[in-house]
Every structure is written in structure tokens, then in C-alpha cells.
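Line by line, the protein sequences give chains H and L.
Quick note: the first sequence uses this note's numbering, first residue 1, plus one each step.
Quick note: the second sequence uses this note's numbering, first residue 1, plus one each step.
Source of the hints: derived by calculation from the structure; they are not laboratory data.
Any given hint could be a false lead.
The list treats identical chains as one, so a pair stands whether inside a single copy or across any two.
As the list claims (entries may be wrong) - With a straight-line Cα cutoff of 25 Å, these simulated PhoX-like cross-link-like pairs (lysine-lysine) come out:
{"hint": "1", "residue 1": "K202", "residue 2": "K4"}
{"hint": "2", "residue 1": "K18", "residue 2": "K202"}
{"hint": "3", "residue 1": "K29", "residue 2": "K57"}
{"hint": "4", "residue 1": "K24", "residue 2": "K125"}
{"hint": "5", "residue 1": "K316", "residue 2": "K285"}
There are 2 protein chains.
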Amino acid sequence: MFFKIPTQVYLEENCVVKNGSLMKQYGQKALIVTGHSSAANGSLADLETALKENQIKYLVYDKTLANPPVEQVMEIQSAYRDEKIDFVIGLGGGSAMDLSKAVAVMLYYPEKGADFLYDPATENKSLPVVAIPTTCGTGSEVTAVSVLTRHDIETKAAITSRIYPALALLDGSYLKHCPQHIVNNTSIDAFGHLVESYINRKATAFSDMVTEEGFRTWSKVKETLLGEHFTAEDCQNLMLSANYAGMAIAHCGTSLPHGASYIVTYNTGIPHGKAVGYFQYGYLKCADPARVNRILELTGFASLEEMRDFIIRVCKIDRLDEELLEKCFKSLIGSSKLEVCPFDTSEETLRKVVYSL
Amino acid sequence: MFFKIPTQVYLEENCVVKNGSLMKQYGQKALIVTGHSSAANGSLADLETALKENQIKYLVYDKTLANPPVEQVMEIQSAYRDEKIDFVIGLGGGSAMDLSKAVAVMLYYPEKGADFLYDPATENKSLPVVAIPTTCGTGSEVTAVSVLTRHDIETKAAITSRIYPALALLDGSYLKHCPQHIVNNTSIDAFGHLVESYINRKATAFSDMVTEEGFRTWSKVKETLLGEHFTAEDCQNLMLSANYAGMAIAHCGTSLPHGASYIVTYNTGIPHGKAVGYFQYGYLKCADPARVNRILELTGFASLEEMRDFIIRVCKIDRLDEELLEKCFKSLIGSSKLEVCPFDTSEETLRKVVYSL
Chain H
1 MFFKIPTQVY
11 LEENCVVKNG
21 SLMKQYGQKA
31 LIVTGHSSAA
41 NGSLADLETA
51 LKENQIKYLV
61 YDKTLANPPV
71 EQVMEIQSAY
81 RDEKIDFVIG
91 LGGGSAMDLS
101 KAVAVMLYYP
111 EKGADFLYDP
121 ATENKSLPVV
131 AIPTTCGTGS
141 EVTAVSVLTR
151 HDIETKAAIT
161 SRIYPALALL
171 DGSYLKHCPQ
181 HIVNNTSIDA
191 FGHLVESYIN
201 RKATAFSDMV
211 TEEGFRTWSK
221 VKETLLGEHF
231 TAEDCQNLML
241 SANYAGMAIA
251 HCGTSLPHGA
261 SYIVTYNTGI
271 PHGKAVGYFQ
281 YGYLKCADPA
291 RVNRILELTG
301 FASLEEMRDF
311 IIRVCKIDRL
321 DEELLEKCFK
331 SLIGSSKLEV
341 CPFDTSEETL
351 RKVVYSL
Chain L
1 MFFKIPTQVY
11 LEENCVVKNG
21 SLMKQYGQKA
31 LIVTGHSSAA
41 NGSLADLETA
51 LKENQIKYLV
61 YDKTLANPPV
71 EQVMEIQSAY
81 RDEKIDFVIG
91 LGGGSAMDLS
101 KAVAVMLYYP
111 EKGADFLYDP
121 ATENKSLPVV
131 AIPTTCGTGS
141 EVTAVSVLTR
151 HDIETKAAIT
161 SRIYPALALL
171 DGSYLKHCPQ
181 HIVNNTSIDA
191 FGHLVESYIN
201 RKATAFSDMV
211 TEEGFRTWSK
221 VKETLLGEHF
231 TAEDCQNLML
241 SANYAGMAIA
251 HCGTSLPHGA
261 SYIVTYNTGI
271 PHGKAVGYFQ
281 YGYLKCADPA
291 RVNRILELTG
301 FASLEEMRDF
311 IIRVCKIDRL
321 DEELLEKCFK
331 SLIGSSKLEV
341 CPFDTSEETL
351 RKVVYSL
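Produce the entire structure from the sequences given, and follow the hints as far as they go.
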């Protein structure tokens, strides 16, 4: 078994300004890849303060799309390839961080085209990446994964290069300004990462340590997802549970629910976390009962059904139409997500996972 | 709070041969730093197989002393500085791994003298280090610390450079050939690392996760230390608990018991783990009872006294003479080990820690 967390992680209030000097080691000029909300939640202002205090020049790209497509990476490569960028800072949710990793690859190879992102002969090289999450789901700040939308195959897919951020700066206070439905959906994404890492062929004593601590931390704040008020401590715990969940998937990878969710999001625009939430119950129904019981124990749910109803309430989940579910089901057949699934993946079982709510 | 485990860790049977190809990334010529026992326990043969299979040239230095002195580092620098070594492999217990880190620094700076090892202006640079433990105590394979004997100040002290091994390869089977008293002593060293990381001013949710998992893993095998037979699973768990304990001290650093132990070992030659064992009871007697109770719960001891008697039995501990204890006590006054101690460190308390058995 194998353990590796190459990213240096800091979690504290005012984390970005306090630890800004760490960014100097990556160079003198940064490209910030972010969306519009980072201006509203205070994170962009903090980052600009940190960079200025440390005499690091920077440019801001703030047009990150939700579920960014390959085309957006190429647009950024073309706009910034002559700017002598030393490192890339992904500031935002999974979309911004995943985009920043792909951009860091394509600015390292300024002459390469879009095909290079999905070239199996990757060298896993890029400009250094600093990741600053402002949601509590993706865990992308500690994973090597960058998921982009691919219109050519009508789904989302991870690029081939494995790019771990060198540094992750986590400050729960950014969640205070995050709309409740985003906190809720992203935190169900984190829950999904924990479930799919725990019910996973690659799970080891190392990954279980991280995953179990993730469940414990998540369970401390889960009830707050039903309310409207998050304390500073809740916010740190939401951020931390997503981070543990990221460390977990960095070792195990995600499984069937994430695979199916990509089809849901691509076809309906339903946010990623909510899409992931649809399939957790079905996945757990097919899993080893001993492992499932341990999850229930760690998270404080009395039964799988209580967990299912909780997710439905937190993400305001409605039924998906049959045609879409059929697409999800078909996308799983022969998918790479089957490799880490520890139970039989006959078509009958895959149907059970997909058609569960 | 802060989390960083830059070392890539593998733990499995036949780990060294299975993962030998990973060493190719560090260069074409290695220096193996080891002691005599690696020839006996099969680890040196495994390592040579792995290097040959991957066309990596190597030289073997197998004269590592227990608690290696600075002079030994300089002797190796002088013997191998013209050999164009690309990376250093520390194979053995803490002595071999710690020595390999210091050697990796001095071969990176072949023109520097011994003073450089304790120069505060270190750049933390060295040749890459691969660490292969053959005991179950030090955790040096995942820490940045290299402790050497310093005859000039009559104790042991960590070098200034912080050198994390790039790769750690753990195979519990080497413990099968390890004399029982070494397994016992080193595994009490690991227990001490866990205790001193848990009762520590720098403890965080991140470090506690690792420390608690270390206690859980250690408790699975602690009873076997009283017997004479270790199964393959016991061996892997002994190795793993020491590894968790290493990750824990990599974040927190050791505290009073380790500080006092250096004086004991320097003056009497009592092995490190046993020397560390002397002071665990005294340290815990002064600590926050809530944290102490959690340790008892995780390790399955009914009381601190049961834990104390267990350590006495496992390490065959006798009383230390008063004069030596007085030296230990005096060495702690003003020591850097006080910085991480979370309780008051008045002379009265320090006496309590030292004079406890």
C-alpha cells in the first residue's frame, strides 16, 4: 500500500495573508485563475494583499466557467503564454482549481495544442500550482486531478497529467459569503468522495485513516447543512472535511457515483455535488455491509435510509427522468470508474446503483 | 494548522524489489548507508536485487555505528565525495537512516566541513534520500530529522538541515530477523513518538489523526511484544505504527522524554528506545488528563500504571542512578524540547517527569 500527500496544506483563519510568503518560492509572477465570486467573498482581496506584500506580480483571469471546458484552457494559454508566468493560483471551487491545473500544464508547454491534455504520454509536468478553495467539496487542492468538460464526448473527464498543487491555503471564512445551496451541494460532493474512497478497491489502512477522519469531521457539521447559520468553527470543519475527502480520493479515485454524475451535470447543468448525491444511496446499497455500517457509525446516521433522506433534503433532490438515468447507466458500462469499485459490476448491479432514488 | 508528508511511502511484503524502479528517478549511482545487520535480515540482498534490476550502480558503506557521531558523517563525505553519487539510501534502523540524511547533505556540499551540519543558515538541500527501515521505532523514513552524537557537547542533537526522504520502502518481514530486544525497544520508541506528539503544543487535528491511528495500530501488536512470536501481519503493523509515529513527530517534534533520553544514551549506551521508555510515565503524569485518557482508550491500557509496568517489562527497565537522572533533569532546563511541551515546565515539573520510575 502506498501513501503520498505532496501538497503542503495550511488551514487557519486569515490563512492566505498569513502564509503568503510561502508563494515566493514559486517565482515572481503569478496568474490567478478564478471566477466572479472570489471578489465577493473576500478571497481575491486577501490573495492580492498577500501577493503585494511579498512583491509578487500577478495577473487575474476571473472568467472561470462552471465545469470549465477544454476550450477555456486553450483560450487562457493563448492569452497568457507570452506573459512569463512563473506559477498559477487556482482560487475558487473545483472549477477554478481544476482549470488552474490544466492551465499550469498548458503554460508549461506553450506550444502544445488541446490534444496534449488527454495525451496518455503525459510527463505530469506543469508550472507550480497554488490552490485556494472557497467551497467545501472538491478537495482539488490536494488531488492531482483536473476534470474538464469535453464537448467532443459529451461528458466531463480528467486530464491525463497528474498535477498536485504545491501549496494549499484553506480559510473557512470564505464560506460565510458562499450561498447556502453551494455550501450544501459541495459538502455532499465531499461526502461522496469519502464514501467512494471507503467503498473502493484501492482503499488501504492509510487511505482509511484519512477517510474515517473525514467522516468524523463531516459528521460534526452535517446538521448545520439543514440550518442557515454556520459558525467560524463550522466553516473550518466544512473546509477540513472536504480536504480530508480530497486526500482520500487522491489515493483511491472516485467510483460509480462520480462517473454517473458527470452525465447528469453535462446534460442538465445540475451542480456537481448534487449530481453526486443522487447515487450515494444506490452505491452504498450494493457495498459490503460491514463497511457501510462503519460509515453509518462514523457519520451518526441511524440507517442508510436516514442518510438518503438527509442528502435529498440538503441538496433538494428531485427524481431524474428515465432517459437521463439510462444514459448514466450506459456510461458506466466499461467505464474506468468500474476499476476501483469493490463489488461486482454486472449490468444488474450498475442499474441498482443508478436507479436507486 | 499545517500538514505535510512529502515522502512517498510504500508498505507491503517484498516492497523493495517490487518498487525498485521508483529509485531510477533519483539518478544512476547510489550510496547505500547501512550497518552489519542488513546483510543478515535480507534487506541488503533485496536492495541490491532492486538496484541491479533497474541498472542503478551502487556502493555500500556498512559500518554505521549506533548513534552515529558527526565524525562518521565526515569520514563518509571524505571517502565518497569523488564517487559522483546521485542519491543516498539509508537502510537499517534510525542510526543508518539518520546518518544517510547527514551524508546526503555533506555529499551535496562536498567542500563544506562538519560545522555546516549545525549551521543555522542551512538551505535544507541534499542529495535525494531513500529510506528503508529494518526496525520499528524511529520513523526516520518520513521525518526531516537526523540526530547525531556530538561529543563536543556530550549528547545527541539533530542537525539543522531538514531532509525528508523522497521515498520510503517498508517491509515488515525484515523484523522477523531482528533480535527481540531491538523490536521491543524500538517499538517503545515509536510509542514515545506517539505520546510526545499527542501531548504537544504543536498538536493539530491533522497530527492527531495520524497519532491516533498510530496508537490504534500499535495497540494491535503491543501484546506480541511480551511474547516471542510475530506473525507477518504483526510485523507489518509494527512497521506501520512506527511510520505513523514518524509522521506525527514530523509535525510536532519530540518533547521532554526524548530530550532526557539523549543524556541517558550518551552516558550509558542504553538503547534509544529503552531510554525513551524511562520517561513516558513521568511525562504523562504531568499531562492533561483528558488527552491521557484518550491515549489509554486508544491503546487499551486500563491505567497509566498498567502502561508504565508494560514498558518496564517490554524494555527490561531497571532504575537509573541518581547522578544520571540529575544530569537528565539539568539538560532539560532551557532545552529546546520545552517549546513543544504543553504543560508548565517549572523545575519542579521537570523533576517529576525525570524522577518518575
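Do the hints match the structure? See the list:
no.: 1; hint: K202 / K4; in the structure: both (14 Å within a copy, 22 Å between copies)
no.: 2; hint: K18 / K202; in the structure: between (36 Å within a copy, 17 Å between copies)
no.: 3; hint: K29 / K57; in the structure: within (5 Å within a copy, 40 Å between copies)
no.: 4; hint: K24 / K125; in the structure: both (20 Å within a copy, 17 Å between copies)
no.: 5; hint: K316 / K285; in the structure: within (21 Å within a copy, 52 Å between copies)
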